[in-house]
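On the provided structure of chain A, position chain B as indicated by the hints.
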Amino acid sequence: MIRSVSGLWSRHTSLFLIGCVLMLATGLSLLIGRYPSVQISMPWDIADDQLLSKLVLNLRFPRILIALMLGMSLSAAGLVFQMIFGNPLVEPGFLGVSQGASFGAAFAIIYMGSSALMVQTSAALFAILGLVFSYYLAHRLRYGGWVLRLILSGIAVSALFSSGVGLMKYMADPLSQLPEITFWLLGGLSGSTWNKLLSILPAVSISLIVLLLLRWRLNLLSLSDAAAFSMGASPKLERAVLLGAAVVATASVISVSGMVTWVGLIVPHMARRLFGADSRFTLPATLLIGGFFTLICDDLSRILLPGEIPLGVITSLFGAIGFIVLLSITGVRSQR
Amino acid sequence: MNKPIITLENISFSYNGNHKNALRNLSLNIADGSVTSILGPNGAGKSTLLHILLGWLKPDEGSIYLKGRPLTDYSRREAGQMMALVPQIEHMPFDYSVLEYVLLGRTPYLNPLESPQDIDVSAARKALEISGLIHMETRTVTSLSGGERQLVLLARALTQQPHIILLDEPTSHLDLANKSRLIKILGELHRAGSSIILTTHEPDVAATISTEIVLLRQGQILTSGKRDAVFSTQNLSEAYGVPVRIVEIDGQRVALWT
Chain A
1 MIRSVSGLWS RHTSLFLIGC VLMLATGLSL LIGRYPSVQI SMPWDIADDQ LLSKLVLNLR
61 FPRILIALML GMSLSAAGLV FQMIFGNPLV EPGFLGVSQG ASFGAAFAII YMGSSALMVQ
121 TSAALFAILG LVFSYYLAHR LRYGGWVLRL ILSGIAVSAL FSSGVGLMKY MADPLSQLPE
181 ITFWLLGGLS GSTWNKLLSI LPAVSISLIV LLLLRWRLNL LSLSDAAAFS MGASPKLERA
241 VLLGAAVVAT ASVISVSGMV TWVGLIVPHM ARRLFGADSR FTLPATLLIG GFFTLICDDL
301 SRILLPGEIP LGVITSLFGA IGFIVLLSIT GVRSQR
Chain B
1 MNKPIITLEN ISFSYNGNHK NALRNLSLNI ADGSVTSILG PNGAGKSTLL HILLGWLKPD
61 EGSIYLKGRP LTDYSRREAG QMMALVPQIE HMPFDYSVLE YVLLGRTPYL NPLESPQDID
121 VSAARKALEI SGLIHMETRT VTSLSGGERQ LVLLARALTQ QPHIILLDEP TSHLDLANKS
181 RLIKILGELH RAGSSIILTT HEPDVAATIS TEIVLLRQGQ ILTSGKRDAV FSTQNLSEAY
241 GVPVRIVEID GQRVALWT
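If you read the sequences in order, they're chains A and B.
Position one of the first sequence corresponds to residue 1 (the numbering used here), numbered consecutively onward.
Position one of the second sequence corresponds to residue 1 (the numbering used here), numbered consecutively onward.
Don't take every hint at face value.
[Said to hold, decoys possible] Now the stretches of chain A that chain B is said to cover, found in silico as 3 or more residues with beta-carbon under 8 Å:
#1 81–87
#2 232–241
[What the hints assert, rightly or not] DMTMM-like mimics (lysine to aspartate or glutamate), calculated; alpha carbons at most 25 Å apart, straight line:
#3 A:K236 x B:E90
#4 B:K3 x B:E78
#5 A:K236 x B:E61
#6 A:K169 x A:E180
#7 B:K126 x B:D60
#8 A:K236 x B:D60
#9 B:K67 x B:E90
#10 B:K58 x A:D299
#11 B:K58 x A:D225
#12 B:K3 x B:E114
#13 A:K196 x A:D299
#14 A:K196 x A:E180
#15 A:K236 x B:D73
#16 A:K236 x B:E114
#17 A:K236 x B:E78
[To be verified] On the chain B side, residues computed to face chain A include the following (Cβ under 10 Å):
#18 W56
#19 E78
#20 G80
#21 Q81
#22 M83
#23 V86
#24 M92
#25 F94
#26 Y96
#27 P108
#28 S115
#29 I119
#30 T140
Just so you know, these hints were derived from the structure itself, not from any lab.
The beta carbon of each residue, even a glycine, is placed where N, CA and C say it ideally should be.
The shape of chain A in the complex, shown without the other chains (with noise of 0.2 Å):
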């Protein structure tokens, strides 16, 4: 691993090589696709091709920054809920905010017309609003300190509105609406387009700078808050900026990918067993890993069948053979 060979390599070079990995994962990834069967496109040959460079350009490079942008917001919310709620086991799902999506999703793929930025909208209003009500409920709860109160809430939350889903999945028109909520549900990226990605730039970028440039703190924010506190920050403000950016990212980027699930707990993982618990390495890492893991999946799931794997489910298959992985080699540390 990097981090015992540190002494040769120090984090930052770490850093440096996997953002090159990336970088060429991300050029070969342009490269890659069904035309019209898996194959290799040379620049100069989609320079000569119109169709084909039409294609690059409007469908396959959006489609690979949207993956980007995916990957690195799931899994640097997944960093941000573990040390914040001091459990390695947690993903950005808790608290009601995948389950919110999901809702907001289906609600208007039944009720709105299900045009994509009805759904898009509805599903990132829900999602945040999975995050409020989480929190108000964790402060109405008396049982418990507050991240156990939290970690409740969110569960109850979940649960509330994954009935909601199951409802509207019983009353959707099964010719039309039903497949288009599974779809969603299972999560992917095929109905990528410019605009999608415009739509979900300014919030993401915003939310992934403001964690990038507090991310020493989260190391504070792992600890007790009467830990923090002693320390001189103010635990409770910020958390809550934190949180907050991690799911307002996170519920951008779920608004147009659908559910994705595993990327926010997997790669956080990864970040630490090669750069250890500091995160002012981990979250660098985990942004970079977490896109280059979404960018392959989603790669897997354009070039694998002839028609198209929901992302959500190859991202949940390698991210679950990688957990059982990691589980077996080491261990996961909980003690919470």
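Chain B alone, transformed into the frame defined by chain A:
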């Protein structure tokens, strides 16, 4: 008596109106440069009082002054540079290295967008030296023994370069060797001019290291003052509700229950 570094005036506090661990109408001066033990039985409100001094718990009534200025007037960073806490126990969910962990003590010297620089690393290393942990700065905190963890928490507090060090039951999880190590370090800090405030339910710890003792029972101060005046058969028996005998061994006074 030295000028008070902390003054409490008529402090009352309860957890949501619950009487457990509540404090009632406490007034107290803590002398600058003293080692003050807050001594008392379990549930007397010792930790509550410590967290009130820290500013983490807000009293329902009364005021706290730090160097004559209301504690609430201090910014979070100012307070963090003045006072540091060594918690009784800390959940450590991630594999930080000892140095990374101790570096967190530099928080009050950094604005929220800053990361620690070389100067912060040297401050952390200095604290590790004082705590005798410099040889294990690359170890992960999760691999340390209970005693070593306690010393890491102390080193993190020292990295804040505070004038006042608050310790919550610092010896309760330590074996004899680690206990004496910690007490020795606290003695050195005291001689270097720090004010030290600790909670303990063990009279012997209070007798060994303090210059002053505050005897707490059921959320009220039974008595407080110079160690030798407070550490008496009558006071301890009353505080703990059992007959206590004090014997002197090699000039050191030890409380026994009979």
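The hints, checked one at a time:
A stretch counts as covered by a chain when three or more of its residues have a beta carbon under 8 Å from one of that chain; for the region 81–87 of chain A and chain B the count is 3, and the coverage holds. With 4 residues having a beta carbon nearer than 8 Å to a beta carbon of chain B, the region 232–241 of chain A meets the requirement of three or more and the stated coverage holds. A distance of roughly 18 Å separates the Cα atoms of A:K236 and B:E90; the hinted pair therefore holds under the 25 Å criterion. At most 25 Å may separate the alpha-carbon atoms for a hinted pair to count; B:K3 and B:E78 meet this at roughly 20 Å.
In summary, the hint linking A:K236 to B:E61 is supported, as the alpha carbons are separated by about 23 Å, within the 25 Å threshold. Between A:K169 and A:E180 the CA atoms are separated by roughly 10 Å; this keeps the pair inside 25 Å, and the hint holds. For the hint linking B:K126 to B:D60, the alpha-carbon distance of about 39 Å lies beyond 25 Å, and the restraint is violated. With a C-alpha separation of about 20 Å, the suggested pair A:K236 and B:D60 falls inside the 25 Å cut-off, and the hint holds.
With a CA separation close to 29 Å, the supplied pair B:K67 and B:E90 exceeds the 25 Å bound. With a C-alpha separation of about 55 Å, the suggested pairing of B:K58 with A:D299 is violated against the 25 Å cut-off. Our distance criterion of 25 Å between C-alpha atoms is met by B:K58 and A:D225, whose separation comes to about 14 Å. A hinted pair counts as satisfied when its Cα atoms are at most 25 Å apart, and B:K3 with B:E114 does not qualify at roughly 36 Å.
Of the supplied pair hints, the one linking A:K196 and A:D299 holds, its CA atoms being roughly 19 Å apart against a limit of 25 Å. Straight-line distance between C-alpha atoms of A:K196 and A:E180 comes to about 18 Å, which keeps the hinted pair within the 25 Å bound. Between the alpha carbons of A:K236 and B:D73 the distance comes to roughly 19 Å, so the proposed pair stays at or under 25 Å and holds. Only pairs whose Cα atoms come within 25 Å are accepted, and A:K236 paired with B:E114 is accepted, the gap being roughly 19 Å.
At roughly 18 Å between alpha-carbon atoms, A:K236 and B:E78 fall within 25 Å of each other, so this suggested pair holds. This hint holds: B:W56 has a C-beta 5 Å from the nearest C-beta of chain A, less than the 10 Å allowed. Interface restraint check: B:E78 against chain A, minimum CB-CB distance 8 Å, threshold 10 Å, status holds. Interface restraint check: B:G80 against chain A, minimum CB-CB distance 2 Å, threshold 10 Å, status holds.
For B:Q81, the suggested interface contact is upheld, since its CB lies about 7 Å from the closest CB of chain A, less than 10 Å. The restraint placing B:M83 at the interface with chain A holds, with a minimum CB-CB distance near 7 Å, inside the 10 Å limit. For B:V86, the suggested interface contact is upheld, since its CB lies about 9 Å from the closest CB of chain A, less than 10 Å. For B:M92, the interface hint holds, the least distance from its beta-carbon to any beta-carbon of chain A being 8 Å, beneath 10 Å.
For the restraint placing B:F94 at the interface with chain A, the shortest Cβ-Cβ distance is roughly 4 Å, inside the 10 Å limit, so the hint holds. Because the closest C-beta pair between B:Y96 and chain A is about 5 Å apart, less than 10 Å, the hint holds. A least Cβ separation of about 3 Å between B:P108 and chain A falls short of the 10 Å threshold, and the interface hint therefore holds. A cut of 10 Å between beta carbons decides the hint on B:S115: the least distance to chain A is about 4 Å, and the hint holds.
Interface restraint check: B:I119 against chain A, minimum CB-CB distance 15 Å, threshold 10 Å, status violated. For B:T140, the interface hint holds, since its Cβ comes within 10 Å of a Cβ in chain A; the closest pair sits about 8 Å apart.
When each numbered hint is compared with the structure, violations occur for hints 7, 9, 10, 12, 29.
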